[in-house]
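When we follow the UniProt record's numbering, the leftmost residue of the sequence shown carries the number 1, and every step to the right adds one.
Just so you know, these hints were derived from the structure itself, not from any lab.
Remember, it's a predicted structure, so these values are computed and weren't measured experimentally.
Hints are supplied without guarantee of correctness; some may be wrong.
[Stated by the list, open to error] Once the Cα atoms are required to be at most 25 Å apart in a straight line, the calculated SDA-like pairs of lysine to any residue come out as: (1) Lys95 <-> Ala48; (2) Lys35 <-> Ala48; (3) Lys19 <-> Ser2; (4) Lys85 <-> Pro112; (5) Lys15 <-> Val37; (6) Lys35 <-> Arg13; (7) Lys32 <-> Leu8; (8) Lys19 <-> Glu3; (9) Lys35 <-> Val18; (10) Lys32 <-> Gln51; (11) Lys35 <-> Val23; (12) Lys32 <-> Ala11.
[Stated by the list, open to error] Simulated DEER-style distance windows between Cβ atoms: (13) His10 <-> Arg87: 31 to 39 Å; (14) Ala44 <-> Leu21: 45 to 53 Å; (15) Glu47 <-> Lys19: 33 to 41 Å.
Idealized CB from N, CA, C, for every residue including glycine.
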Amino acid sequence: MSEFLEILTHARRFKAAVKDLSVEELRDLANKLEKIVTEREEEAAEEAKAQADRLAKIEEIRQQMESVGLSVEDLGVVAAAKPVKKRAPRPPKYKIEIDGETVTWTGQGRMPTVFKNEVDNGRSMDDFLID
Numbered sequence: 001m002s003e004f005l006e007i008l009t010h011a012r013r014f015k016a017a018v019k020d021l022s023v024e025e026l027r028d029l030a031n032k033l034e035k036i037v038t039e040r041e042e043e044a045a046e047e048a049k050a051q052a053d054r055l056a057k058i059e060e061i062r063q064q065m066e067s068v069g070l071s072v073e074d075l076g077v078v079a080a081a082k083p084v085k086k087r088a089p090r091p092p093k094y095k096i097e098i099d100g101e102t103v104t105w106t107g108q109g110r111m112p113t114v115f116k117n118e119v120d121n122g123r124s125m126d127d128f129l130i131d
């Protein structure tokens, strides 16, 4: 918790922090705090209403499902049966052989160190293209 909040929530520390304020400044501060409290209450009421609307819609859908003989488990079966489309991995575009080990790279993402070292030594990436 920040030091400000610690002072604000501890009565004696708060009283000590505002002891130099005039009565008018204290009333202004109280009005600002009251405005914040009112806004928070309104936000909480809106959230509660939205949650109640959501729960009402869920109940309506549950009753519709029940009337046609479906259950939540039936929805799980439908969701599980839907195939997940995943793209095929990219084929390698570059290949290098270092110490008997072949390293390939698609040309996407970060360049592998072995390719970077060779390029730094003056070779071109065209030298490593796979035909």
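Discussion item. Please list, smallest to largest, the hint numbers that this structure does not respect.
Written reply: Hints 1, 4, 10, 13, 14 not satisfied by this model.
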